[in-house]
Amino acid sequence: MARQQRERRRRPRRRATFASVLGELLLTVGVLALGYAGWQVWLADAVMGGQQQQAAQAFASELGPTAAAAPEAQLRTDEPPVETSAADRESFAVMYIPRLGEFERTVGEGTSRAVLDSLEQGLAHYSESALPGELGNFAVAGHRNGQGGPFTHLDEMRIGDRVYVQTSEAWYVYEFRNHEYVAPTGVGVVAAVPQQPQTPADGRYLTLTTCNPEWSAEGRLIAYATMVGWQPAADGMPAALAETLGRL
Amino acid sequence: MYAAIWRALPGPWPVKLVLALVLLAGIAYLLIFHLYPWIMQEFFPTPDPVLDASAHLTPQGIA
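Residue numbers (numbering that gives the first Met the number 0), protein chains in the order written: chain A, 0 to 247; chain B, 0 to 62.
Please keep in mind that the hints were generated in silico from the structure rather than gathered at the bench.
Here the structure is a predicted model, which is why all the values come from computation and not from measurement.
Glycine residues also receive a C-beta, built at the ideal position from the N, C-alpha and C atoms.
Be careful, since some hints might not be right.
What the hints assert, rightly or not - Label-pair restraints from in silico Cβ distances:
(1) A:L42 / B:P13: 41 to 49 Å
(2) B:K15 / A:A113: 44 to 52 Å
(3) B:F32 / A:V192: 13 to 21 Å
(4) A:E61 / B:H33: 44 to 52 Å
(5) A:D87 / B:P44: 14 to 22 Å
Produce the complete structure using the sequences and hints provided.
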């Protein structure tokens, strides 16, 4: 009996030939390539966005206290602190957009690929535009898809949705107002008063720009918000934001 | 090639199967979290979300 089993196991194996190894390697390459395609469509932004999120959390705690502020700490509407501009590619702020989920991303200076594609940053400040809280237009670009794809769902913003910007000085609170769809050349959206390049700065705007449609550079999707107030950095994370992030 | 790997795994077939699955999981982890992100960053730049007149700001220009 035992001998029979041993006999059965010892049936002649087919020898690996050059062709069989090559064939298996080619099949493997095919599976890996298909795997990459699927990964890019379904997993890339989760994986890389997760890294950007972690990096943003670490940077946020470098900027200042991120514990929830006391609920009685009110938004201030007086003159906000003066921000100092950052060096090219330097991180200087963290943006939170509850409508986009647990969204925390670091904002780097200048709209270079180095900042946009970075797994430490992902959001890029138009360096000629205003600083957070400053009179004028604080304009920020981010990828719609890929390299973390922070703004995949920017088209789902609704009127009144809050956007929080944390710097080493303060927390600035903006409220989403409207979308606009423009051509890639529509630079008016980052003007001090959006789409009115001749008008001097009259308010504190936030402009977010990304690709439209998804995976395409055919057009741009723009989201505008206006500032509703600010809180000193020392207060900690505004209570309303801490609540949406589950950190109360 | 894969037949040779299967034979190289020690133990009876259930142990081989578990080892093979562990190997596969390890390879999938490396692909998803390390190799594929690197490939995307190096070879598959996604469309630029920036407005064109800021092209002078980007050292490499607009893709």
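Hint-by-hint comparison with the structure:
1. A:L42 / B:P13: 41 to 49 Å: At 31 Å between Cβs, range violated.
2. B:K15 / A:A113: 44 to 52 Å: 47 Å, holds
3. B:F32 / A:V192: 13 to 21 Å: Between F32 of chain B and V192 of chain A, where Cβ atoms are some 44 Å apart, the hint is violated.
4. A:E61 / B:H33: 44 to 52 Å: 26 Å, violated
5. A:D87 / B:P44: 14 to 22 Å: 20 Å, holds
The structure is inconsistent with the numbered hints 1, 3 and 4, although it conforms to all the rest.
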